[in-house]
Amino acid sequence: MKCTECAFEAPIGKFRYLYNARIDSSISMRQCPQCEQWLAVDELLGEAQDAVHPGEAPWGKSAGIEGLAGDSQG
Amino acid sequence: MSRRDKWKSARDAMMGPLARAKGVKNRESVPETCCGKCQMWSENAYSSEGRGTCRVLKMGSDLNSNQPTYVLEGEAGLISYFNMDASRCTYFTKMELIDTDGTECSDPHFRRALRQMKKFNE
Amino acid sequence: MGQRTAQTEKALSVDELANRREWWSVAQKTRSKRLDYLRKGVWKKGAIGGNYAPGIKIDLTLPQLFTEKWQEQEGEPIMLQKAHAIAHVLDNIPIFITDRSQIMGYIGSAPHQIVWHWQGISMVNEEIYNEEGIIPEPEEESLEILATLNDYWGGRTAVDKLARILDPEDAVKFMSGAIGWGTPTSAATYSTKDFTYIFKGFEALLAEIEERMEETEQKLQGNPSPQLLPLYDKLPRWEAMQIVLEASIRYAKRYARLARTLAEHFESDPTRKEELLRIAETCERVPAKPPRNLQESLQFDHFVQVLARYETFEGAWPHRPDYVHGPYYDKDVNQEKRLTKEEALDLVGEHLIRTYEVGIFAPKWAREGLQGITGTWVWTMGGVKPDGSDACNDMTIAYMQAARLVRVSNPTFGFRWHPKVKDEVLRECFECIRHGLGYPSMRNDPVLVANTVHWYGHPVEEARTWVHQACMSPCPTTKYGCQPMRMASATANCAKMIEYALHDGYDPVVNMQMGPKTGDPRQFKDFEEFFGAWVKQMEWLRNILVRTVNLGRVKDPEFFGRPFLSAIYERAVETGTDACDPSNGERGNAWVTGFTWVENADSLAAIKKFVYDEKKYTMDQLMEALNANWVGYEEMRLDFVKNAPKWGNDDDYVDDLMVRCLREVSRHAKENKCPSNNNWPLLPENVSGNIHYANLVGALPNGRRLGDALYDGGISPGPGLDKKGPTAVLKSCGKFDHVTDGRAFLLNQRLSPTQLSGEKGYQLWKAYMKTWADLGLDHVQFNMVDDATLRAAQKDPEKYQEVIVRVAGYSAHFVDISRKTQDNIIQRTVQGLG
Ligand code: SF4
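Protein chains in written order, with our numbering: chain A, 1 to 74; chain B, 1 to 122; chain C, 1 to 834.
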């Protein structure tokens, strides 16, 4: 797997597993051991997708009605 | 060794003399090669007083003698401290990524949020 | 004219903010100047994730004062030695009065400092030494002080002493950090307080003690007999109680003196001068004598809470302040009109702020398991009186209104709902929830009163006096019902039950054979055999925690000592015993808190369906995937997540397993006995233990990996896994008996603020609550803040300091919890009602 930020390349297990925010999604968060960036990783493909910053949720919105109908607030 | 005696030695390692480093000097020292910087070390999640367990060695192992003994079988993991000198441990495996950020929660494998480790890591 | 325009603008902007549901800004604009000043000036004492906020320091004055007197009194009976040490602290600790404040008392010598009690656990003492950020400047000097303190207390603390007599295997496993948390000593615990007794005033308690002593001394002059011998030990205990009560009165009078000095020599504002003189009068009166008005009753109450925390870490705050202070509010506001409603609201709001301000150093497990707060200070509201009539009063409403104005995350409220609660009170509860406070949690009073009678045999009139002992468990506030030392250490990391059943009792995180060897599951012939292994691991886990805590409990008077608590405990005063001595008549109210519980049902259901019923996977394949932490088995993992039945969807396949697990535990709960020979039922709830344990529980058949947050707790379904709507969740939860199948059951639900706006929203919620009550559930609590706000707060925390979320069993400011906890909360399903 290749880090999208610093291009560090290693088997997926070398990237520190942080957590999967949504158990029914294959997107997890891992950390690059070289640049220490948090990455969104597709565990099915074994690919780093992008860096994850505060406020970002690459695995999508919450389940339930909030996920179906966009909320006006924000 | 009886069951009681076996566990007694684990308890003493956890709460006995090892747990009572004296003065500032002992408490501040973080050797270049120590358990806290080893991939095999699991920091105790109960408290950050420095205790943890080795994930390969078992109780009865002795790293301090001239000829260290390594016990790989048994019920209790070797209890050691983050700043225990591990220069003689042949199982020492250096951690590449040491996370010292205490605002995220306990991660016995990666996180070493102790003040002494943070200083060392800077 | 100009004035009116300004007012309209202000009103408009508040309305606008309310429409946008920016309740934190609404609060800032509508609270009084005093409350705004006090709220903004208060230091944040809860840890942010696992670290204290910048500027927070450990107080070194308290432990130094305590230790110097303690050493001087060496050789005395422990309670007496400790009383002298506490009195020395109370006489010498620096005190201060915050500008505009009306309620006095703080634990520690400066408002940015947090305290710890060195006599409790040397592990925590060492932890303080190692802790980042909290060492006061100059650091070198402080480290010397800390090292000296730690060197002295090492081996002398309550837990050090206990560890020497515990079975060594139990001691090591208990302290491994893997299976449970807490400390088996009252050094880190909490106590119920009976204010009907305490409000007699400390002078009355002193007189009672004096009487007992005289009576006993007379007996000791009589014929020698074995019956006389225990009396000798009582005298120093009573003496210890006297010493702390007298010191407590002196402590209050130090505030009176300071307030009077400020008023007479320094204050130029006549209004504040008057306030300071009133403060002086109040602190001269209480706690020595009974309170006469609202300010005195709140002040008395706060002094008691502060004084209790000078003695020990009280990590919870069992209380029912609307019931205690309601009559004084009524007298001052309704009858004598001594206070306006607004003035009373200022006092009530400050009561919340002064409580929020209390900071005590929490060990790592407590910081991470209770992120953002110092302890679970859940105040009980509403409910019934001992005769069963409605106990809600104007103070219930005042607390709810004040909470929305000051928006602190601690204390929070638990509301004892019952069928006679008036609509106006229920609306106040809903407004707090709608304002995003996450509290009050709603408790089903009739169910919980019956539960308290069922499990411990408390008389029904006593059961009706219950308060939340911590976040969830009811405890009567009566002479024999009060619990002096809740044993938080009987808190089980229940996901280990299923993990150990899968791994023959071995725990790879601590490299230890923890549970019994129940066999390699690959060899099990059917699900029943697997379930049998689970039962054995469950029993083992509960047994080790309960054994340890029982011993800690009976040894506490010998190893720790509670002179202050004993002095305010009627049964301890009467018998000359330590309040924590179980022989003084305590009826018993113990429970095992069950963290990470639902993972058991979901994992068992997945195993039953895929391995045994459908034979889609072999146990060998499952074990391989789990041992690889599901890495390389993503498709299979998703199958286990999406296609195995999940709790909370009204699916009997998994719900029956949940009920079966609960019934096994309830059977075992009656086999475990506390020192009062009463039962140990399970209480599933989590606080933020689901995050603390995330890296300690390995991969499970419900599809989680080592590192993933565990479910948010109690009987709440896994976040995002409850797909059939809110009624299905309630129906699942209603399949077992909330009286006999456990002590209480936490249920988190997330609702949409858009859907629940306006009157329609209230009516929808009310209808939901009716279904909840009809199904006999004992608890439910709500988050009502949407994704967008929470994501924005992650991005720009400074702007969203007063946004609150319900974690589990407590609320926290969203910006004070770790990212993993934040994401876990955001991923909870937003339920649509109606
Ligand atoms: S240095 Fe040796 S004893 Fe210490 S954790 Fe590593 S392998 Fe274990």
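Bear in mind the hints are in silico, worked out from the structure with no lab data behind them.
For every residue, glycine included, the Cβ atom is placed at its ideal position computed from N, Cα and C.
Some hints could be false.
[Unchecked claim] Restraint-style ranges between C-beta atoms, simulated for each label pair:
id, chain 1, residue 1, chain 2, residue 2, range
1, C, Asp504, B, Leu97, 29 to 39 angstroms
2, C, Thr771, A, Glu36, 45 to 55 angstroms
3, C, Asp620, B, Lys94, 32 to 42 angstroms
4, B, Ile98, C, Gly632, 18 to 28 angstroms
5, A, Asp42, C, Asp15, 56 to 66 angstroms
6, B, Leu97, A, Glu47, 19 to 29 angstroms
7, B, Lys119, A, Asp42, 36 to 46 angstroms
8, B, Asn64, C, Gly55, 40 to 50 angstroms
[Unchecked claim] Chain C stretches covered by chain B per the calculated footprint, using a threshold of three residues with CB under 8 angstroms from any CB of chain B:
id, stretch
9, 173-182
10, 277-290
11, 308-317
12, 502-510
Holds or violated: 40 to 50 angstroms for the Cβ distance of Asn64/B and Gly55/C?
holds, 41 angstroms
Could you see if the CB distance from Leu97/B to Glu47/A stays within 19 to 29 angstroms?
holds, 20 angstroms
Holds or violated: the 18 to 28 angstroms window for the beta-carbon distance between Ile98/B and Gly632/C?
holds, 27 angstroms
Is the listed coverage of the stretch 277-290 of chain C by chain B valid when you require three or more residues with a beta carbon under 8 angstroms from a beta carbon of that chain?
As far as the stretch 277-290 of chain C goes, the hint is violated, because 0 residues have Cβ atoms under 8 angstroms from chain B.
Taking the Cβ atom of Thr771/C and the Cβ atom of Glu36/A, is their distance within the range 45 to 55 angstroms?
Check passed, 48 angstroms falls within 45 to 55 angstroms.
Given a hint of 32 to 42 angstroms, does the C-beta separation of Asp620/C and Lys94/B actually sit inside it?
holds, 35 angstroms
Three residues minimum, CB to CB under 8 angstroms: does the stretch 308-317 of chain C make the cut for coverage by chain B? Let me know.
violated (count 0)
Count residues of the stretch 502-510 of chain C with a Cβ under 8 angstroms from any Cβ of chain B, then say if the count reaches three.
Coverage by chain B holds here, the residue count being 3 at a Cβ distance below 8 angstroms.
Can the suggested window of 29 to 39 angstroms be confirmed for the beta-carbon pair Asp504/C and Leu97/B?
holds, 32 angstroms
For the stretch 173-182 of chain C, count the residues whose Cβ lies under 8 angstroms from any Cβ of chain B; is that count three or more?
Holds, because 5 residues of the stretch 173-182 of chain C bring their Cβ atoms closer than 8 angstroms to Cβ atoms of chain B.
Given a hint of 56 to 66 angstroms, does the C-beta separation of Asp42/A and Asp15/C actually sit inside it?
At 46 angstroms between Cβs, range violated.
Could you say whether the range 36 to 46 angstroms given as a hint is met by the Cβ separation of Lys119/B and Asp42/A?
Given a distance of about 38 angstroms, which is inside 36 to 46 angstroms, the answer is holds.
Going through the hint list in order, the structure does not satisfy hints 5, 10, 11.
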